[in-house]
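K.L.:
As a plain string of letters, each chain reads:
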Amino acid sequence: MAEPSRPGEHFSYILGIINFIAIFFVVWLLWYVFMHPDGVMKLYTPMYGFSLVVAFLSSVVMLTKVWEIYPAPPPEDSSRLTRGIILTVVAVILMLITVFAIFRGFLGTFGIAYFSPDSIVASGGTGAEPFNARENASTALIYFFTAFLWWALAWNIGFGRWPWTRDTAAVVSWSRMLAVMVLTIVTYAVLFHPHVCYLFYPPQNKAGVEPWWSSFAGTGSAYFSLGLILCTVAWIIISDLLWEGYPWKSLGRDGEGSLWKGLITVFGTLILGGITFVILLKVMNVYWMEPFEGGQYTDAPYFRYLHTGEIGGFVVLAAFILAVYFNNFPNLGSLFVRAFLRTLIAIAGGLCIYLFYYSSATTFLLGKVPGIAQPDDTPLVWTLLYLTVIMIQADFFQYWPLPRRTAQTNEVWEAKVRVAGASRL
Amino acid sequence: MDRRSFLKSMAAAGAAASVAGTAVIPKPAHAAGKIDFGQVKSVKVDVLTETSWFDNDIFKKTLMDYGGAMTNQYTIPWEWDNAGGYSALITVTGLDDKERKFLMDTGWNTEWMDYIFNEKSNVASMLKNGEIEFMMLSHWHLDHLWGIESTLKNKPDITIYAPQTHYPEDIALLREKAHHKAKDKSGKEVPICKNDVPHTGKLVECTPSGDKGDGIYRVMPGVAIRMFDVPILLRVRGENVLYFNVKDKGIVTVTGCCHPGVLSLFSYARSNFEGYKPYGCYGGLHITLFENWEPKFDDIIKGVKSFQLQKVGCNHCTGWIWAEKAAEAGVPVVKGTNKYKEYKKSSTVAKASNVFLTNGDSVTF
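Chains P and Y supply the protein sequences, listed in that same order.
Numbering (numbering that gives the first Met the number 0) for the first sequence: 0 to 424.
Numbering (numbering that gives the first Met the number 0) for the second sequence: 0 to 364.
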């Protein structure tokens, strides 16, 4: 993740803008090669490509936020370029191992059938053919990695190294991974597994309960949970990036996390996410009127829930762009004023990205069909791909080819260590 | 930052988001008043063919091999022998007891459509003698359009109502004797569709504005077309939907694929049509078209029940498993017959439950 601002340090906004434009085209190139409907690999089916992007982002987060690079450190004397390439390759390998070896090859083959397209096809029955099977297995992965991203990021900003602050890097890395995984599995089981069990005909109702939120959410789709989690993740990232870790940071001890800091961060961001979720749903009701059960496109409750997460994704992307390519502007005034103005800029930037994504420009650039709420299109895939590339540049390449960033104050140094785990090396 | 300041900033951010959102996101148009487009005595739908492809697994494998549902339909080397098509003959009985006919969609495989128009119905002769007044193209998907030659060879100057949201390949097929090809995995170009009889008649390009700016096209008293500009699979966009106002019964929708969603169509009618009363629907309802399932499909069953439709005639992209589940849940699904078995080909997913109105069946509202 990007480091926060550096008061007093010279930052070339021209270079930042050039880098921003360059990264935009890097993302476009990646999109064309892997996702574009008229491109090379055409993985945006949509769930298959979506799952690979989320898995890749999760690999980057696992390396930087959970492991703090510990299990795969590049040579200490390596240049930023070398370091970036090594870590990117490691992240790709980790993604491939996770998706194809752990989930498909192991869990899906020997345990939970729906993680493996082959196991789904082998089970037979209505709809159990390769295309549906791959989409359904990919859907399960998307949900799992969403739960993982939430806990990995929340743990990082809230609990930090607690309760292993006095232990070695190895203990911290592996212990934190296990803690995050336990929480991820529980979250996945409660919020997403019921949906996945109902992706089949007949529903797998001995393995998963009927989606328990359907009675009040107006849909059995887990997009309800997905939207809520993504809104929460948006506030985790905004408070981390734009508010320089506050207000949660004030609860820490000596720059480290604690139980209370962690719990308050988790529940605080969850409450903020819930409030945002409700506000965005109300705003959508103003434009598209009330959704209704069984409605489709913009009338669908499940689309409204998903769209809150998609909007959250746009704002997070804008926050990253502001932090990395515009030096977290502005950097003057009190923390409150800075945080407030940055948040406003990120929201405005998110709206600009929203308008861009739904404009005719993306018909050419992304191969998207004009319009909103197509069931087989979600901006999250492009947004998350973009975020992943920015995180790779910031954390793996340490901003290369932009100048390396050096901390000017203790406060920023602490934040830098916390936010950009990679820089500890 | 203290807690108070933090909460203040949150409130400000939320308010700013709401205000900014209000300013930039366009609102959909709403009718100034309710529309009265007349009434019909009854409407009959003859299912000419609803089997757009015969083997679901072959269709999906081709789709998977060439990039999935977001891919441009003209870039996929579809399996020609697996192609059928979607088409229906609509007969409207006016309040004056006169019958008028028109065609909805023209299928995919021209050999299959010739068989349907010549051997399994008398559509070919009705086109030639002008008994069929016009054709409404629901949308520009391959299985609704690519069989256009079968219609035009009988009546090249037929008036066509179609969504304005077409691509150059669509117009080339319709009017420029196009022979489209797509590359297979080996790089070989494979013919995918052709039309040697250019359309010479009037093409009414439908938009959401309608013919009088009130959102609909009045094609007959009591019959309206509404274009919904929604993004669809395979790079297609926009769908024309038929609304019938049946005297003493209510609103009936007839659709090709119903991509906008059947309940959204009734929601539109509720908001815009004078004396709205839901009655029934016919068509592909675009739900479990790949015979898969999702929790949101259960939502549609609950929603259809809550709208209290009296007659649900479905087929094509509705999905047999949705129709079966809906019927089990109490949705008034109109059952079909076994006539489809008399056709030279039939769908591999057809079931004895006959919850589809399939080839050779009809329904009257």
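Bear in mind the hints are in silico, worked out from the structure with no lab data behind them.
Predicted model only: the values in this text are computed from it and were never measured.
We treat Cβ as the ideally placed atom computed from N, Cα and C, and that holds for glycine.
Just to be clear, a hint being listed does not mean it is correct.
Under the rule of at most 25 Å between Cα atoms (straight-line distance), these lysine to any residue pairs were calculated in the SDA-like manner [to be verified]: (1) Y/Lys60 / P/Phe291; (2) Y/Lys184 / P/Ala188; (3) Y/Lys180 / P/Phe363; (4) Y/Lys97 / Y/Lys60; (5) Y/Lys301 / P/Pro201; (6) Y/Lys301 / Y/Glu341; (7) Y/Lys33 / P/Leu350; (8) Y/Lys304 / P/Asn284; (9) Y/Lys60 / P/Asn284; (10) Y/Lys334 / Y/Thr92.
One side only, chain Y facing chain P, incomplete, derived with CB under 7 Å [said to hold, decoys possible]: (11) Lys59; (12) Lys119; (13) Val229; (14) Ser263; (15) Asp297; (16) Lys301.
Estimated spans, in silico, between C-beta atoms of each pair [claimed, not checked]: (17) P/Gly110 / Y/Lys60: 23 to 29 Å; (18) P/Ser358 / Y/Glu188: 45 to 51 Å; (19) Y/Asp228 / P/Val208: 37 to 43 Å; (20) P/Met288 / Y/Ala328: 50 to 56 Å; (21) Y/Thr206 / P/Met288: 20 to 26 Å.
K.L.:
All hints, please: hold or fail.
P.N.:
Against the structure, the hints come out as follows:
no. : hint                            : in the structure
1   : Y/Lys60 / P/Phe291              : violated (34 Å)
2   : Y/Lys184 / P/Ala188             : violated (40 Å)
3   : Y/Lys180 / P/Phe363             : holds (22 Å)
4   : Y/Lys97 / Y/Lys60               : violated (47 Å)
5   : Y/Lys301 / P/Pro201             : holds (17 Å)
6   : Y/Lys301 / Y/Glu341             : violated (35 Å)
7   : Y/Lys33 / P/Leu350              : violated (34 Å)
8   : Y/Lys304 / P/Asn284             : holds (23 Å)
9   : Y/Lys60 / P/Asn284              : violated (39 Å)
10  : Y/Lys334 / Y/Thr92              : holds (23 Å)
11  : Lys59                           : holds (4 Å)
12  : Lys119                          : violated (28 Å)
13  : Val229                          : holds (6 Å)
14  : Ser263                          : holds (5 Å)
15  : Asp297                          : holds (5 Å)
16  : Lys301                          : holds (5 Å)
17  : P/Gly110 / Y/Lys60: 23 to 29 Å  : holds (28 Å)
18  : P/Ser358 / Y/Glu188: 45 to 51 Å : violated (34 Å)
19  : Y/Asp228 / P/Val208: 37 to 43 Å : holds (39 Å)
20  : P/Met288 / Y/Ala328: 50 to 56 Å : violated (26 Å)
21  : Y/Thr206 / P/Met288: 20 to 26 Å : holds (21 Å)
The structure shown violates the earlier hints numbered 1, 2, 4, 6, 7, 9, 12, 18 and 20.
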